[in-house]
Amino acid sequence: MDYRVEPFALSAESARRVDDIVARYPQKLAAMLPVLWVVQEEAGWIPPAAMAWVAERLESSAATVQAVVTFYTMLDDRPVGKYKLQVCRTLSCELMGARRIIDHLRDRLGIEPGETTDDGRFTLQEVECLASCGTGPMLQCNLKFYENLTPDRVDALLEELRRREPAWSDIAPVIYERPDREAYEAMWPETRIQAAGREAPHRIEERG
Amino acid sequence: MAAPRILMQRALDRPGESHTLPAYEAAGGYRAVRKALGMDPVKITDEVKASGLRGRGGAGFPTGTKWSFTPRESEKPKYLVCNSDESEPGTFKDRWLLENDPHVVIEGMMIAAIAIDCHLAFNYFRGEFAYPEARWRAALDEAYGAGYLGKGIFGSDYDLEIVTHSGAGAYIAGEETGLLESLEGKKAMPRNKPPFPAVEGLFRSPTVINNTETLAVVPWIIENGAAAYVQYGTEKSRGTKLWSCSGPINRPGVYEVELGVEMMGFLEEQCGGLMEGVGLKGVIPGGSSVPVMTPDECRGARMDYEGLRERGSLVGSGGFIVIGDNVSAVDCLLNLAHFYAHESCGQCTPCREGCGWIEQLVGRVRDGRGSQADLERILRLSDAMAGKTICALADALAWPSVAFIKKYPQDFAALCPDPVDLESLAAVVGEHDHILPKAS
Chain A
295 MDYRVEPFAL SAESARRVDD IVARYPQKLA AMLPVLWVVQ EEAGWIPPAA
345 MAWVAERLES SAATVQAVVT FYTMLDDRPV GKYKLQVCRT LSCELMGARR
395 IIDHLRDRLG IEPGETTDDG RFTLQEVECL ASCGTGPMLQ CNLKFYENLT
445 PDRVDALLEE LRRREPAWSD IAPVIYERPD REAYEAMWPE TRIQAAGREA
495 PHRIEERG
Chain B
6 MAAPRILMQR ALDRPGESHT LPAYEAAGGY RAVRKALGMD PVKITDEVKA
56 SGLRGRGGAG FPTGTKWSFT PRESEKPKYL VCNSDESEPG TFKDRWLLEN
106 DPHVVIEGMM IAAIAIDCHL AFNYFRGEFA YPEARWRAAL DEAYGAGYLG
156 KGIFGSDYDL EIVTHSGAGA YIAGEETGLL ESLEGKKAMP RNKPPFPAVE
206 GLFRSPTVIN NTETLAVVPW IIENGAAAYV QYGTEKSRGT KLWSCSGPIN
256 RPGVYEVELG VEMMGFLEEQ CGGLMEGVGL KGVIPGGSSV PVMTPDECRG
306 ARMDYEGLRE RGSLVGSGGF IVIGDNVSAV DCLLNLAHFY AHESCGQCTP
356 CREGCGWIEQ LVGRVRDGRG SQADLERILR LSDAMAGKTI CALADALAWP
406 SVAFIKKYPQ DFAALCPDPV DLESLAAVVG EHDHILPKAS
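So the sequences go chain by chain: A and B. My numbering applies: residue 295 is where the first sequence begins, and numbers increase by one. My numbering applies: residue 6 is where the second sequence begins, and numbers increase by one.
By construction, these hints were calculated from the structure, which means they are not laboratory data. Take these hints with a grain of salt, some might be off.
Below 20 Å or equal to it, Euclidean Cα-Cα: the simulated PhoX-like pairs (lysine-lysine) are [unchecked claim]: (1) A/Lys-322 x B/Lys-198; (2) B/Lys-81 x A/Lys-322; (3) B/Lys-393 x A/Lys-322; (4) B/Lys-393 x B/Lys-198.
Restraint ranges, calculated between C-beta atoms of paired labels, are given here [unchecked claim]: (5) A/Arg-402 x B/Ala-233: 51 to 57 Å; (6) B/Asp-18 x A/Gly-414: 56 to 62 Å; (7) B/Asp-426 x A/Thr-364: 41 to 47 Å.
These numbers come from a predicted model, not from an experiment. Glycine included, C-beta positions come from ideal geometry on N, C-alpha and C.
Produce the entire structure from the sequences given, and follow the hints as far as they go.
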């Protein structure tokens, strides 16, 4: 990877934030994750040149920074949409209908998880447990949680997001009222259950 | 059952403002740390030891004992780290604490720091906790503003700084030595132990790492005394515990009850029972890493460290996941196998390879292409993973794998095109279920 394809520099304000962060730790390398957050907030992702910049600032190597960036799921080593929609797919959310929410987003956005819409507005991702298990299904849009989702609420959210520009500071969670029993039933996973004596259609998906 | 509220009362009394300094102090906050400043640090640790408080993050190790492992005299600085990397599937109680009562976590960290003679402490947040972290940072600013942190806290000659650290998305960073690596700016790969963090932890210095909930209990114990705390709970499981409840139940959420309550009563009274038309298939009581319990195992089970072990499961982090009879055990296990395969850090071979293979094998069964031989492969693989790696992530998939196949074999058999002989499958389960937790 060529880390020097283009020069990278942070704004003066972000550079000051980096100085403050580095000063808090007994060792420079410890500032790695918080500094990478500053970079991502400003650049939208962490380009190779930024990895080289961080490496120099923390007296490390670009390879080490890249290893860290690719280890953590929230750090992006490639451009993503303005809105990164990360739907929790782990057990408690799946039990309440996460699969249906992911399928709905796939249909509405016309993309598969991991992809970005052509207009660069939305990236769809499946992610692991976001500690909102009692209010699933849910998703994280950039750093903001939307909980107790239904397909209708997802539509309303997409509509709202098409109208406005993202702000990093907007993080207070939106926790909708709990859906009723019927709404859940429509989202529950379709599966074949012998033990319960009822047989629902089992959806067989080819696994890649 | 009247639920004592050591941790939740303040927030319930002052909804919408419990996270602020005035509300916390009006409820008696920051008295315990003033008391601790006047105590011999050894006495603070002794009091926490006497309370019987055990770590609420998962392992359940006695908190006071953990503190006492740090050397009294040390040439290197000593560090305290609060583990707010809450990522265990089914668990959201630390999020609740940080959003609703961040000052009690600050005060707990202060007291723990004084006990071990630490002057620089860290709170590590999972990267996805932007909002809980913002609440916490605001509380920390209030505490600094009031002179409760920094140079000479509360007018004493004790200096204490607390640094907030944001992670960036990695389940394994919640493992205590993985967290230390992450806090040092590296990939969150757990370390071999020994040396334990108490001797060689953050920046190779003596370090105590405690879960957020554990530290939140400490001010109450110091203020009211260990003797008051041991009145709650059972002989070996003292006090109360926060349970994060999810699944098809009528009242999901965080509940605080004494350790040792009966599980079906808890499911009815706190969780409001199952949603109409849904029967109970099982409960994963302590977060996704612990073995699932059947309704028979749930009935009469005491929700404490010994009681759940007797029923073949664990308290873990208290992530109480209720599974309805509207889903297949195969889907549950496939979901978890994907989680652990994704979250394995990759440094140990049994975990890196094993989690991925289990996911593929369960996926094959789910897709209607599996066989009894595949189920037996999953059992053998689980046995080859449990206890054979640097940290417990491999165990955390091995246990559910064996438990789900052992307890719901008919769900797996139903999806295999060729007949599965449940009797011979049970015999193979019997060769490998020794890896599951049991009464000690």
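Hint by hint, here is what the structure shows:
As the CA atoms of A/Lys-322 and B/Lys-198 are separated by approximately 25 Å, the hinted pair breaks the 20 Å bound. Taken as a hint, the B/Lys-81 and A/Lys-322 pair is honoured in the structure, with Cα atoms around 18 Å apart against an allowance of 20 Å. Distance hint between B/Lys-393 and A/Lys-322 is unfulfilled; the C-alpha atoms sit about 34 Å from each other, more than 20 Å. A hinted pair counts as satisfied when its Cα atoms are at most 20 Å apart, and B/Lys-393 with B/Lys-198 qualifies at roughly 13 Å.
Between A/Arg-402 and B/Ala-233 the CB atoms are about 55 Å apart, so this pair conforms to the stated range of 51 to 57 Å. Checking the proposed 56 to 62 Å range against B/Asp-18 and A/Gly-414 shows it is violated: the Cβ atoms sit about 47 Å from each other. Between B/Asp-426 and A/Thr-364 the CB atoms are about 45 Å apart, so this pair conforms to the stated range of 41 to 47 Å.
In the structure shown, a violation is registered for the earlier hints numbered 1, 3 and 6, in ascending order.
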